[in-house]
Structure formats: structure tokens, C-alpha cells
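Protein chains: 2
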Amino acid sequence: MKILLIGGTGTIGSKVAERLAADHELVVAGHTSGDVQTDITKAEAIQALYKKVGSVDAVTSTTGSAPMQPLDQTTNDHFLEGIKSKMMGQINIALTAMSYLNENGSVTLTSGIMGHDPIPQGAVLSTINNAINGFVIGAYGEFLKKGFRINAVSPALVEDSAETLGDYFPGHSIAAMPDVVNGYVKSLKTNITGQIIDIT
Amino acid sequence: MKILLIGGTGTIGSKVAERLAADHELVVAGHTSGDVQTDITKAEAIQALYKKVGSVDAVTSTTGSAPMQPLDQTTNDHFLEGIKSKMMGQINIALTAMSYLNENGSVTLTSGIMGHDPIPQGAVLSTINNAINGFVIGAYGEFLKKGFRINAVSPALVEDSAETLGDYFPGHSIAAMPDVVNGYVKSLKTNITGQIIDIT
Chain E
1 MKILLIGGTG TIGSKVAERL AADHELVVAG HTSGDVQTDI TKAEAIQALY KKVGSVDAVT
61 STTGSAPMQP LDQTTNDHFL EGIKSKMMGQ INIALTAMSY LNENGSVTLT SGIMGHDPIP
121 QGAVLSTINN AINGFVIGAY GEFLKKGFRI NAVSPALVED SAETLGDYFP GHSIAAMPDV
181 VNGYVKSLKT NITGQIIDIT
Chain A
1 MKILLIGGTG TIGSKVAERL AADHELVVAG HTSGDVQTDI TKAEAIQALY KKVGSVDAVT
61 STTGSAPMQP LDQTTNDHFL EGIKSKMMGQ INIALTAMSY LNENGSVTLT SGIMGHDPIP
121 QGAVLSTINN AINGFVIGAY GEFLKKGFRI NAVSPALVED SAETLGDYFP GHSIAAMPDV
181 VNGYVKSLKT NITGQIIDIT
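Protein sequence lines, in the order shown, are assigned to chains E and A.
1 is the number of the first residue of the first sequence in the working numbering; add one for each residue after it.
1 is the number of the first residue of the second sequence in the working numbering; add one for each residue after it.
Derived from the structure by calculation, the hints contain no laboratory data.
It is possible that some hints are incorrect.
Note that the list lumps identical chains together, so a pair holds whenever it fits in one copy or between two copies.
[Said to hold, decoys possible] With a Cα cut of at most 25 Å, we get these calculated SDA-like pairs of lysine to any residue:
(1) Lys84 with Gln69
(2) Lys2 with Ile192
(3) Lys145 with Asn76
(4) Lys189 with Tyr168
(5) Lys189 with Gly34
(6) Lys145 with Leu165
(7) Lys189 with Val27
(8) Lys42 with Met68
(9) Lys146 with Ser14
(10) Lys145 with Gln121
(11) Lys52 with Gly34
(12) Lys145 with Met68
(13) Lys146 with Pro70
(14) Lys84 with Thr74
(15) Lys145 with Thr32
(16) Lys42 with Ser65
(17) Lys52 with Gln73
(18) Lys52 with Asp77
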């Protein structure tokens, strides 16, 4: 199974890579590191990435960011920053995958708990995480017609970010990294589609 | 009660205007018609609209569009079209409202059923409707700190669009216009906040 893991050098992605590397042909894409480089904020860069990597059995995305700040200091530009990166970056990863997936191929994106469990200063991420979930819900039927699947993993605050980000998430329980990685493996290896896989 | 109704000349907005006009000071904003004009795809045009209208007790948005086409013909640009209009148009309406709402003010946005009940060719709208819901969920806590409320009305296929759009929604029941209008009145006149008001 040849898997393109975009964001495979990040907090979550590096743990997904560890689990999958042993028994899969893994191509790790990063912004400046990894086996291949890309800039997910540019649709053409994503197309160039797929052209370089060629056909794959699965694409897993653990990439993208969005800014956090108080809502009354949040502007259109803050939203556009998150839209270009975590939202459209991942949606373009999925759209382009439709031309490069092998039979029974799958796409797994990453959203996050803030879409339904908000925190102060998190409105941009609540918006964008829910947009990614909405894309999965809206797109899975047309993936299915080509024999492809698509899901999103929606993790809570993850263990490996708890030290740096924990203060943003008062009262939130922490998702253990092996459970987070399980979400990606479940999307890859079962037959589910159109699902938001909550990891708490 | 002074209400700014943005999109008040459209299919849903005109029925909301009819209901509210009798006993409220209603300012209807449209793209080319209405009491005042604006272009919701430009954050500066929305700011100019509020500057012209001044402080208000409530803002209701029934505006914005997004393209529909098969997913394998859908590009980054199709998404950006919907993002600029229905998604960021409405989010900018809400962000700017924070500086113009009177005490106990409220904002009501419009999303739609496709966020959780997808139809063929509707992936952009599923994405954008869910983004709007995510914004409401992410933002309501910070609205609350200023004494403001925010909700979204999420209608099914509405009665007045059934003839033109019905073929896109096979097997979908139709929401009666009085029920749709009720959603906006409920958001305006009750004390709920952070809610997605489903109208089926």
C-alpha cells in the first residue's frame, strides 16, 4: 500500500508515520522537510506534488494551521489565513487526489474538536474544522461513485501538544497519541466513508 | 427594535422582511435593491454599510451564494467563490456587527441543510454551510461576553425555491416559508445563543 502522508513531519503526522512506516510504502510530504516538499496554501503546488509522487493507494493529511486570537481582534485576513492553509489546503489535497488514487483509494483529512467544542479565541478554528467536516459529508457520495472513500479525523487536544497548547483548552481532556493514530488507521484500513472520526 | 436585514430582497429575506416590517424599524440591504446597497464579498463594503446604517438592535443575514457542480469538476476557484460570498460575507457581517450592536443585540446568519444532509453536486455548499455553523459555535462565547447573541438558521429546501431547485434535492421534504421565517424570529426574540436552528 503506497500512502502519501502530507504533514508527516508535524506533531500528529510524525506519529502516524511511525506507525505506518514499517509495513507500507510511505511518502512523507512536508513544507521544508520530508521525502517531498509542498506548499499546501497553493493549489498548483499540491498538483505538482501529486505529479511528482504519482498514483497512490491512500492520502492522509495531517497538515494546516489557522490563527487564534480574541474575536473582536479577528479580521477577514485572519480567516483567510486559515482558509488558505488548513481548510482549502486539505480540500485541494482531496480534490486533486481524485485524479491520482488507485482502485479503492481513500483520503483522510484532519479537522478538530473545536468544530463542536469551542474554546476562547478559537472561532477561526471552529469555523475551519467544521468546514472540513462539511466537505467530507458533502463529498463522500461523489468519492464513492469512483470507488474511493473519504473521512476526517477530529482530534481533541492531543497529548504531544498539551504542554504548549493546554492553556487554551481549560477543562479539556487530552487525547493519547496512540488513540489519535488509531483514527487515521481506522480511516485507512476499514471501509467507512463520509465519517468524522472523533478522538477524545 | 431597529433591524438590519442583509439579503432582505431575496427568496427567504423578502418573507422575513414581510413578517418583521409591521412592528420593527427595518433597514433592508440588498446588492442592487433594498433601502441600502452593499457587496458582501468585500469586507470594506460591509463596513461601509454599517457606517451608513449606524447602530442597530439586531442584524439578520439571509444572503450569500455558492456554486453547485459535480465534484470532479470542482476547483479551488469554485470554493473561493462560495467562501467570499456565503461564508466570509456572513462572517464579516457578524464580525462588524460587534462594533455596531446595541445592548442585548443579536446576529442571525443563514446556513443550510446540506451541512449534514448532502446532495449530489453540493460539496461546496456542504462545506460552507458547516463553516457558518462552526463560526456560530466558535464565536457565541465571545459575543456573550459583550452581551450579544448569535445563531444560524439552517433551512431545508425552502418552499419558494422548490420549483427551481427541487431537482437537486431528490427525496427531500420542503420547508414551508412560515416555518422558515419562524426560525429567524426565534433567533431574534428568544434568548438562545450559539444555536443552529434547523428548519425542516
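*Hints broken by the structure, by number, lowest first?*
As far as the earlier hints go, 4, 9 and 15 are violated by this structure, in ascending order.
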